[in-house]
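**Q** For reference, the chains in residue letters:
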Amino acid sequence: MIVHLTPQLLVQALILGFLAGGVYALMSAGLTLLFGIMQVINIAQGALLVAAAYITYVLWTRAQLDPLLSVVITVPVMFGLGLLIHRGILSRVTEEFSAFSVLVTFALAIALEGFLGYVFGGNFRSVRPAYIGRSIELGAYYVPIVRLLACGFAVITLVVLYLIMTRTKLGRAIRATIQDRRAAQLVGVDVERVTAVTFAIGIATTGVGGALLSILTSIYPATHYLWISRLLSIIVLGGMGSLPGAVVGALILGNAESVAAVTISLSWSPIVFYLFLFVILLVRPQGLFGTVTRRGI
Amino acid sequence: MRLRPYVYPGWVSAALIAALAFPLLVPVQYYQHLAILTFLYASLAVAWNVIGGYAGYISLGHSAFFGLGAYAVALAAIDWGWNPFWASPLLGLVVALMGLAIGAVVLRTRSHAFVVATIALVFIVQLVAINWRGLTRGMSGLQLPLPPYSPATIKVPFYYATLALLVASVAISWYIKGSKFGLGLVAIREDEDKAEAVGVSTTLYKVLAFAISVYLVAVGGGIYAYYQTFIDPALIFNILIGVQMILMTILGGKGTLWGPVLGAFIMQPFSDFILFRFGSSQIHLAIFGLFLLALVLFLPHGILPTSAELLARLGRWRAVRRTSAARPVAGELGGEG
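Going down the list, the sequences are from chains A and B. As numbered in the numbering used here, the first sequence has no gaps in its residue numbers, which increase by one up to the final residue, 297. As numbered in the numbering used here, the second sequence has no gaps in its residue numbers, which increase by one up to the final residue, 1337.
Don't read these hints as lab results, they were simulated from the structure. A portion of the hints provided could be inaccurate.
To be verified - Derived contacts from chain A toward chain B, CB cut-off under 8 Å, selection only:
# : residue
1 : P76
2 : F79
3 : L83
4 : R92
5 : L266
6 : Y274
7 : L282
8 : F289
Claimed, not checked - Footprint (simulated), chain A over chain B, 3 or more residues, beta carbon under 8 Å:
#  : stretch
9  : 1112–1124
10 : 1127–1138
11 : 1235–1244
Quick reminder that beta carbons are idealized off the backbone N, C-alpha and C, glycines included.
Generate the whole structure from the sequences, applying the supplied hints.
**A** Quick look at the structure:
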């Protein structure tokens, strides 16, 4: 059952693993940001990624818009959706029912899955621009172009996110609010507005993530479970609320999945995520970069 | 002779007698089918309520144990010829042992992390069931031997089996509720650290509650497998089964005795109708999702506690009106009084 791991196989797996990790990093950055700002585990993040992928699909089929370019439309749309979700739903969840926030976002996820399935039907959709299927050959190894482009785009978006968080006034306000909400209020940060905007940013990242999803795999409503499982494992490993943690976690798990895929089998490989999730929750629930809070995770 | 203490047991006994007589009076298979699913889901909801309602640990992972029970019984029926009606309660114990081990591990997390861990649980178990083809025949699923009853009355044994499960579940839930164990669970729900500080063995209690909950769900899974005569990983580990348990419990009243039962009796026919009307498209998922959303946002306490609260308020309002009407208003209505 287990294939012998040659050095060549390992390097190829690592190449693919890093490329996948970059994309996972972007997707989980949004999720971890949402937890950081509101202590909400957004189970609907996977469904939102799929929704954004469908939007990209529609723009591709109706307007022949390249998926990487269409983010200029998808990102604002998802940002708006994020504001709506925050306003309409999550602001109603009180502290008493904090575990209910998971139920709320779960309900949102299945409602979205149902809606997407109703609108787009049960067929797998895919977006196939010209660069799909071609690879660059580096000696004995091959690098699929679409994965390279997707990872590159993800990295660029992460850099933009990083710059926003560190170089802008909004970014400082966000970091302050995450660190200590009350203290931020005391120094004059409008925490209500910052929370709403940060939440919307977290959802807006799915605009890019969804576009990448559309070119990397086929789109189908029920796949959102697979994505949210992956992302949850990544942010738990990295530390919920920590952006660097999300990146490191994504790279680790992306490679673990890739190695598992070549040594065991592709269909067993998602189990890596679940196993990591379990082990981390037991051994070090705050993850690699998270902080231990008094009330526990 | 004071009749007050006999009202509640009276209603329960009457309902039980009606339930026992039902299939004999209504030989219509569709209604028996509806009753079977309602009793089954009510048992699942009552079971979930033990860990989710009493102890406050919201598990989205009970579908995993439902499926494990189903697979255990299916394999026993196929490979060893066991009668699923006896295999279910027996193998349920095996699954409960697994629940004990898994619970000891998973209950180390709290609140959000616990819910996430239970979600992961369902997907792990589902993944294993799909890929371990040697044991489970993978996605092809398992075909159970057909029940040896005549077609006209084929559903009747299942009706009594699920009724028995429901009665057992409610009895266990009732017993827990009135016991020190149950009190400990409620303490865990309200504030686990303080409960621990006061001397409640929180780990033991919550793992035990989890195991009991898992047992009942696994037995339900076994009966369900026999009823459907076919199971496959996608169907039986569907996370929506767990979602429905939660929905029904919250609807009726999380943490109450009859809440889950009420919730199931309301939701199951509704859900059956939705699946009938919209099941061919995916829109039924959207309906469930929106329903759960509305429930959690607007009626998080459920029907029973909310109506109890409303009745109490009505009672207080009436009491105030009664006392102020009896007292003559000084000065205004005629000077001499």
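**Q** Each of the hints needs a verdict: does it hold here or not?
**A** Consistency of the hints with the structure:
1. P76: 24 Å, violated
2. F79: For F79 (chain A), the interface hint is violated, since the closest Cβ of chain B sits about 21 Å away, which is over 8 Å.
3. L83: Given a least distance of 18 Å, the restraint on L83 (chain A) is violated.
4. R92: OK, holds: R92 (chain A) within 8 Å of chain B, min 5 Å.
5. L266: 10 Å, violated
6. Y274: 4 Å, holds
7. L282: 6 Å, holds
8. F289: 16 Å, violated
9. 1112–1124: holds (count 10)
10. 1127–1138: Check passed, 4 qualifying residues.
11. 1235–1244: The restraint on the stretch 1235–1244 of chain B holds, since 3 of its residues have a Cβ under 8 Å from chain A and three suffice.
Checked against the numbered hints above, the structure breaks hints 1, 2, 3, 5, 8 and satisfies the rest.
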